[in-house]
Amino acid sequence: GENVEQHPSTLSVQEGDSAVIKCTYSDSASNYFPWYKQELGKRPQLIIDIRSNVGEKKDQRIAVTLNKTAKHFSLHITETQPEDSAVYFCAASIDNAGNMLTFGGGTRLMVKP
Amino acid sequence: DVKVTQSSRYLVKRTGEKVFLECVQDMDHENMFWYRQDPGLGLRLIYFSYDVKMKEKGDIPEGYSVSREKKERFSLILESASTNQTSMYLCASSLLIPAEPGNEQYFGPGTRLTVT
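Chains as they are written, first to last, in my numbering: chain A, 1 to 113; chain B, 1 to 116.
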């Protein structure tokens with residue numbers, strides 16, 4: 001089955017700096033890659049996703065890049081703010097509708113004011 | 001606004017007890033999921049259901065069973081709880097055929113289960 005590795009497990013940045021979280025996946029058939037954010041004590045919520053026919057997607061301060069050849073994808077957050085502090089999870093799915101997700105282990109991002 | 005609710009936020013059970021975790025969603029979603037969340041391991045899929053009375057095993061189904069008698073309700077059952085099932089359990093729901101290219105899974109608040 002699919003295996004998703006996520007690095008780093010913790011990341012501390014100064015407010016205003018950029019943060020990058022990287023994930024690798026094992027199944028070349030995976031074609032849908034969402035990112036979820038989980039604030040402390042709250043439920044995970046989708047923040048951005050990308051399909052394998054797209055190399056990059058941006059939404060304001062967040063962007064995701066995908067390298068199908070290398071089987072890795074990354075989340076980029078620019079101009080970080082304290083409210084970006086959370087645990088971020090990447091995931092991959094071989095299901096076209098993104099139903100069956102395999103999640104990475106999570107990255108705890110801390111943005112210091 | 002999608003609402004996924006879980007029957008308990010915190011639960012303490014003894015080893016060997018039968019445990020029921022209930023999840024209800026109000027968005028008429030076909031898909032429902034049960035995950036467990038452990039530090040460093042992310043979210044691991046236990047079971048998935050895409051329709052009433054249908055179920056599919058996820059990555060870690062051992063020691064668990066599920067029931068989906070109604071579209072809005074998905075139950076996770078621990079037949080004989082063990083200490084290694086102490087964890088946070090998250091339920092989620094989504095559309096079977098998404099309207100957009102993505103397909104967000106909407107999560108419940110979680111149930112923190114402690115088995116002593």
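It is worth saying that the hints were derived from the structure and are not from the lab.
These numbers come from a predicted model, not from an experiment.
A virtual CB, placed ideally from N, CA and C, is assigned to each residue, including glycine.
Mixed in with the good hints, there may be bad ones.
Below 30 Å or equal to it, Euclidean Cα-Cα: the simulated DSBU-like pairs (lysine-lysine) are [unchecked claim]:
(1) A:K37 - B:K71
(2) B:K55 - B:K13
(3) A:K42 - B:K71
Chain A residues, not near chain B, derived (Cβ > 12 Å throughout) [as the list claims (entries may be wrong)]:
(4) Q6
(5) G16
(6) S18
(7) K22
(8) K42
(9) P44
(10) I48
(11) G55
(12) T65
(13) T69
(14) D95
(15) L101
(16) T102
(17) T107
(18) M110
(19) V111
A partial selection of chain A residues facing chain B, derived with a Cβ cut-off under 10 Å [to be verified]:
(20) P34
(21) E39
(22) Q45
(23) P113
Hint check:
1. Taken as a hint, the K37 of chain A and K71 of chain B pair is honoured in the structure, with Cα atoms around 27 Å apart against an allowance of 30 Å.
2. As the CA atoms of K55 of chain B and K13 of chain B are separated by approximately 26 Å, the hinted pair is consistent with the 30 Å bound.
3. Only pairs whose Cα atoms come within 30 Å are accepted, and K42 of chain A paired with K71 of chain B is accepted, the gap being roughly 25 Å.
4. Not every beta carbon of chain B lies more than 12 Å from that of Q6 of chain A, the smallest distance being close to 7 Å; the non-interface claim is violated.
5. Its beta-carbon lying about 28 Å from the closest one in chain B, G16 of chain A satisfies the requirement of being farther than 12 Å from that chain.
6. The Cβ of S18 of chain A lies farther than 12 Å from every Cβ of chain B, with a closest approach of about 23 Å, so its non-interface assignment holds.
7. For K22 of chain A, the condition that its CB be more than 12 Å from all CB atoms of chain B holds, with the nearest at approximately 14 Å.
8. A beta-carbon of chain B comes within 12 Å of the beta-carbon of K42 of chain A; the shortest separation is about 8 Å.
9. Some Cβ of chain B comes within 12 Å of the Cβ of P44 of chain A; the nearest lies about 5 Å off, and the non-interface call is violated.
10. A beta-carbon of chain B comes within 12 Å of the beta-carbon of I48 of chain A; the shortest separation is about 9 Å.
11. Separation of G55 of chain A from chain B is adequate, the least Cβ-Cβ distance of about 15 Å exceeding the 12 Å criterion.
12. The beta carbon of T65 of chain A is kept farther than 12 Å from every beta carbon of chain B, the shortest such distance being approximately 16 Å.
13. No beta-carbon of chain B is positioned within 12 Å of the beta-carbon of T69 of chain A; the least distance is around 22 Å.
14. Interface exclusion of D95 of chain A from chain B breaks down, the closest Cβ pair being 9 Å apart, not more than 12 Å.
15. Here L101 of chain A does not stay apart from chain B, with its beta-carbon only about 7 Å from theirs, under the 12 Å limit.
16. Residue placement check: T102 of chain A does not keep its beta carbon more than 12 Å from all beta carbons of chain B (closest about 7 Å).
17. A Cβ of chain B approaches the Cβ of T107 of chain A within 12 Å, the least distance being about 10 Å, so the stated non-interface status is violated.
18. Non-interface call for M110 of chain A relative to chain B: holds, since the shortest CB-CB distance, roughly 15 Å, exceeds 12 Å.
19. The Cβ of V111 of chain A lies farther than 12 Å from every Cβ of chain B, with a closest approach of about 20 Å, so its non-interface assignment holds.
20. About 7 Å separates the beta-carbon of P34 of chain A from the nearest beta-carbon of chain B, less than 10 Å, and the hint is met.
21. Using the Cβ-Cβ criterion of 10 Å, the hint placing E39 of chain A at the interface with chain B is not satisfied: the shortest such distance is roughly 12 Å.
22. Hint status for Q45 of chain A: holds, given a least beta-carbon distance of 7 Å to chain B, under 10 Å.
23. Here the hint on P113 of chain A is broken, as its CB sits about 25 Å from the closest CB of chain B, past 10 Å.
Checked against the numbered hints listed earlier, the structure breaks hints 4, 8, 9, 10, 14, 15, 16, 17, 21 and 23; every other hint is satisfied.
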